[in-house]
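Could you build the full structure based on these sequences and the hints that come with them?
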Amino acid sequence: MSDTHAQTVAYVRDSMLPEKPPPIAEKGAIKWLRENLFSGWLNTALTVLSLLAVWYALMAIGPWLLNTVWNVQSLRECREVLDGASGACFAVIKDRWHQLLFGFYPPQHYWRPVLTLVLMFVALAPVLFSQVPRKMLGFSALYPFIAYHLLWGGSIWLPVSVILGFVLGYVAYRLLARFAPLIAIAGAILVPVIWWIMFAAGFTSAMTSVAPIGLDFIRSDRFGGFLISLVIGVSGISLSLPIGVLLALGRQSDMVFVKSVCVMVIEFIRGVPLITLLFTASLLLNYFLPPGTAFDLILRVIIMVTLFASAYMAEVIRGGLAALPKGQYEAADALGLDYWKAQRLIIMPQALKISIPGIVNTFIGLFKDTTLVVFIGLLDPIGLSNAIRADTDWNGIYWELFIFIGALFFIFCFGMSRYSMYLERKLKTDHK
Amino acid sequence: MSTSDDLRIKTTAPKPAFRLSMLLYDQRYRSITIQVFFLFMLMLGAAWLIDNTVNNLRALGRDFSFAFLNAPAGYDINQRPIEYNSQMTHGRAALVGFLNTMILAVLACMLATVLGVIAGVLRLSNNWIVGRLMTVYIEVFRNIPTLLWILIFGAIMTEAMPAPSAFRGDDPAASMLFNDAVAVTNRGVYVPSIMFLRDLGDLRLGPVAPSLNWLLVFLVLIVGVYANKRLIEHATAVQNATGVRPKTWWKSILILLGPVVVIFIALGAYLEYPELRGFNFAGGTHLRNSLIAMWLGLGIYTGAFVAENVRAGILAISKGQTEAAFALGMQPGKTMRLVILPQALRVIIPPLISQYLNITKNTSLGLAVGYMDLRSTLGGITINQTGRELEGMLLMMLIYLAISLTISGAMNVYNSRVKLKER
Chain A
1 MSDTHAQTVA YVRDSMLPEK PPPIAEKGAI KWLRENLFSG WLNTALTVLS
51 LLAVWYALMA IGPWLLNTVW NVQSLRECRE VLDGASGACF AVIKDRWHQL
101 LFGFYPPQHY WRPVLTLVLM FVALAPVLFS QVPRKMLGFS ALYPFIAYHL
151 LWGGSIWLPV SVILGFVLGY VAYRLLARFA PLIAIAGAIL VPVIWWIMFA
201 AGFTSAMTSV APIGLDFIRS DRFGGFLISL VIGVSGISLS LPIGVLLALG
251 RQSDMVFVKS VCVMVIEFIR GVPLITLLFT ASLLLNYFLP PGTAFDLILR
301 VIIMVTLFAS AYMAEVIRGG LAALPKGQYE AADALGLDYW KAQRLIIMPQ
351 ALKISIPGIV NTFIGLFKDT TLVVFIGLLD PIGLSNAIRA DTDWNGIYWE
401 LFIFIGALFF IFCFGMSRYS MYLERKLKTD HK
Chain B
1 MSTSDDLRIK TTAPKPAFRL SMLLYDQRYR SITIQVFFLF MLMLGAAWLI
51 DNTVNNLRAL GRDFSFAFLN APAGYDINQR PIEYNSQMTH GRAALVGFLN
101 TMILAVLACM LATVLGVIAG VLRLSNNWIV GRLMTVYIEV FRNIPTLLWI
151 LIFGAIMTEA MPAPSAFRGD DPAASMLFND AVAVTNRGVY VPSIMFLRDL
201 GDLRLGPVAP SLNWLLVFLV LIVGVYANKR LIEHATAVQN ATGVRPKTWW
251 KSILILLGPV VVIFIALGAY LEYPELRGFN FAGGTHLRNS LIAMWLGLGI
301 YTGAFVAENV RAGILAISKG QTEAAFALGM QPGKTMRLVI LPQALRVIIP
351 PLISQYLNIT KNTSLGLAVG YMDLRSTLGG ITINQTGREL EGMLLMMLIY
401 LAISLTISGA MNVYNSRVKL KER
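Residue numbers (this note's numbering), protein chains in the order written: chain A, 1 to 432; chain B, 1 to 423.
Hints were generated in silico from the structure; no laboratory data involved.
Note that the structure is a prediction, hence the values are computed from the model and not measured.
Backbone N, C-alpha and C define an ideal beta-carbon position, used for all residues, glycine too.
Some hints could be false.
[Unchecked claim] In silico DSSO-like cross-links for lysine-lysine, where the CA-CA straight-line distance does not exceed 30 Å: (1) A:135 - A:20; (2) A:326 - A:341; (3) A:135 - A:259; (4) B:319 - A:353; (5) B:229 - B:251; (6) A:27 - B:319; (7) A:135 - A:326; (8) B:229 - B:247; (9) A:326 - A:353; (10) A:428 - A:341; (11) A:428 - B:251; (12) B:319 - A:31; (13) B:334 - A:31; (14) A:31 - A:20; (15) A:326 - B:319; (16) A:31 - A:135; (17) B:319 - A:426.
[Said to hold, decoys possible] With beta-carbon atoms standing in for the labels, derived distance ranges: (18) A:246 - B:200: 55 to 63 Å; (19) B:110 - A:334: 15 to 23 Å; (20) A:260 - B:398: 40 to 48 Å; (21) A:345 - B:39: 43 to 51 Å; (22) B:48 - A:145: 45 to 53 Å; (23) B:247 - A:30: 31 to 39 Å; (24) A:134 - B:333: 37 to 45 Å.
Spelled out as structure tokens, the structure:
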């Protein structure tokens, strides 16, 4: 019986039929439409509603946006050109773009902020992309001084004397390292501080009188527009990360006192609006500092914005530290690493990697929050839009300015969030 | 050679003398040294700051006192949730500002939650066009500063809305919405308000005097909610005992709404509609442009962030849960409501708390459109008039801090109640 089955099959097909095309409803655009737009009555209703909303929005904005006027000098002329039709008057951007971007920075010096911005990308490249040669990190370290000199100008010897302080600190460290590490660290901190307090001013004035090199000095109150947002945003971002790391470590520390101070600082800063801190910078800081101290408003704002962002950064990084498996800490201990080595080599890289989305979110938030400086009288893009409206030529123009400013912020913030996604993908090591 | 006695004597641990260097190099003492050093530096810094402040105040011939809170304010506030006029004190003005801040924060939190949940769920929809639309909404609002959105909504309200005069005439250019109930004008939105024929008077409570009518309504509502909760508990008990859940929906509606309706009828409640009188609308409740602009600006802006939190929360629930629900034969809608959302809420709530805090803190941007919140009253006009920057800022910061800590405390209690109870 069992050996007969081969013959029980009467017929076996030995040639394949050609493939038939799928039914018309199961391929191409129709299938896609059926699956993605009209898969049920609810979906169909949503599709129709969305299409109606899009249509309505296009009808409301489209004609206005397509019918633009670029070549006039005032809103009145613009209305004459439009002659009652609906249309956008982007002439205001053409007329005032330099103000929205640079504030009242002298036009013959516009190349300086532009060069600073270009150099910023050069300096950022080795930090952001690992393919760039590591040697360029040296330029990144030098960049803050170059940027300061390009933007504000003045004698070149001021930034040079500050750099010299760091160089002296390094030299002191190398010389003293032979005796004891602790003395070396103390020397590396003390020598530059002594240099900056006692000798830097003399060195600067002496060198300036000998060799007066440098760019024209430009006062802070000439800064404005997007330039000010970028200066405050970028300094706040770069300074808040290290301070945030320190605060987060302090909050995770076993030392009760350090921990409670860090908790209080973080909770206080996170509990009050940024505006109150900015007002503190503009109204109260001269109460807290020795009589007669007066320093730049932009600098004060940078300090406050940095403090503010650091507290948020600390919480984000604390989340990363908490998410790290306990085994990582134990492994560091097992290797006999001391606290700072363990943090630097094992804990922090992983914690920072986990918290990338949060860190970038804080960056984006900080950059957007730079618009709040309008409340203390700095002319950021929003402050300048008010100033432009105060001019009789452009009194009553709103949407074009808002669109321009909004688009600028959108490009920067959207760019940052896309970069963070790229970074997350690149650093991803698990195989989920 | 050696006996056990010798060994024992030799193995007693040596007691090293305390050396100064151990403060730094011995694990046992180092943390104490660091903390003492840290404390010392901190106190030095604080002393320096306080000393500077005292010196500066003395140089200016000023004292540090909160007496200005009892002086007449002398300025008007356009939105008054409680009785206020310019003859009342700075303290009273600050209270009005505080109430305005809270009103705005509550309204904006509600809008942000509703919008955020809808947008977050819809962004994950199978419907391609709806998903894209929600992505556009979220990305556009997240990447443009709040302040700009507040100004945009402010400009929409004042520039793009019809003037009250447009409502006049036989063939008006603009008309009121919802059967002549709501008027949207460039001076604000006018909505009907509930008035009572019989007034029970006010309850005198020191600084505030709430209306007894509204207190009664509020009380009845609370009792109704409590009774409804008992009803549902009872229904659950019956279901556990018999397996059949009694129908409760009509009882719930009756318990929740019935007493309130009775109270409204007993007090003679009626709706007062806004009417065009003279140059402006009169009657009804006037929602100022500043409030609307702040409300929409903060609510829609933060809604985009809430949407991302909701989406992250839903994506955090493993796919197996959905598949299990489908295997049980549940509809997609029911799956979302009964299986996914309850679990996702645990992930969503902590970031939601910080969004609520952000809204509360961002109400301080009211100055941009002239909303008279705490920052504009106590932190703005009062400081400008009295010159008490230090005291005013300190008080304002403490109030904001108290609000923030209260919200995060209350929400944390809620969070710990819905948290996954693990073994």
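The hints, checked one at a time:
{"no.": "1", "hint": "A:135 - A:20", "verdict": "violated, 61 Å"}
{"no.": "2", "hint": "A:326 - A:341", "verdict": "holds, 17 Å"}
{"no.": "3", "hint": "A:135 - A:259", "verdict": "violated, 38 Å"}
{"no.": "4", "hint": "B:319 - A:353", "verdict": "holds, 26 Å"}
{"no.": "5", "hint": "B:229 - B:251", "verdict": "holds, 11 Å"}
{"no.": "6", "hint": "A:27 - B:319", "verdict": "holds, 27 Å"}
{"no.": "7", "hint": "A:135 - A:326", "verdict": "violated, 35 Å"}
{"no.": "8", "hint": "B:229 - B:247", "verdict": "holds, 14 Å"}
{"no.": "9", "hint": "A:326 - A:353", "verdict": "holds, 16 Å"}
{"no.": "10", "hint": "A:428 - A:341", "verdict": "holds, 23 Å"}
{"no.": "11", "hint": "A:428 - B:251", "verdict": "violated, 55 Å"}
{"no.": "12", "hint": "B:319 - A:31", "verdict": "holds, 25 Å"}
{"no.": "13", "hint": "B:334 - A:31", "verdict": "holds, 27 Å"}
{"no.": "14", "hint": "A:31 - A:20", "verdict": "holds, 17 Å"}
{"no.": "15", "hint": "A:326 - B:319", "verdict": "holds, 28 Å"}
{"no.": "16", "hint": "A:31 - A:135", "verdict": "violated, 54 Å"}
{"no.": "17", "hint": "B:319 - A:426", "verdict": "holds, 25 Å"}
{"no.": "18", "hint": "A:246 - B:200: 55 to 63 Å", "verdict": "holds, 59 Å"}
{"no.": "19", "hint": "B:110 - A:334: 15 to 23 Å", "verdict": "violated, 52 Å"}
{"no.": "20", "hint": "A:260 - B:398: 40 to 48 Å", "verdict": "violated, 19 Å"}
{"no.": "21", "hint": "A:345 - B:39: 43 to 51 Å", "verdict": "violated, 30 Å"}
{"no.": "22", "hint": "B:48 - A:145: 45 to 53 Å", "verdict": "violated, 29 Å"}
{"no.": "23", "hint": "B:247 - A:30: 31 to 39 Å", "verdict": "violated, 45 Å"}
{"no.": "24", "hint": "A:134 - B:333: 37 to 45 Å", "verdict": "violated, 55 Å"}
When each numbered hint is compared with the structure, violations occur for hints 1, 3, 7, 11, 16, 19, 20, 21, 22, 23, 24.
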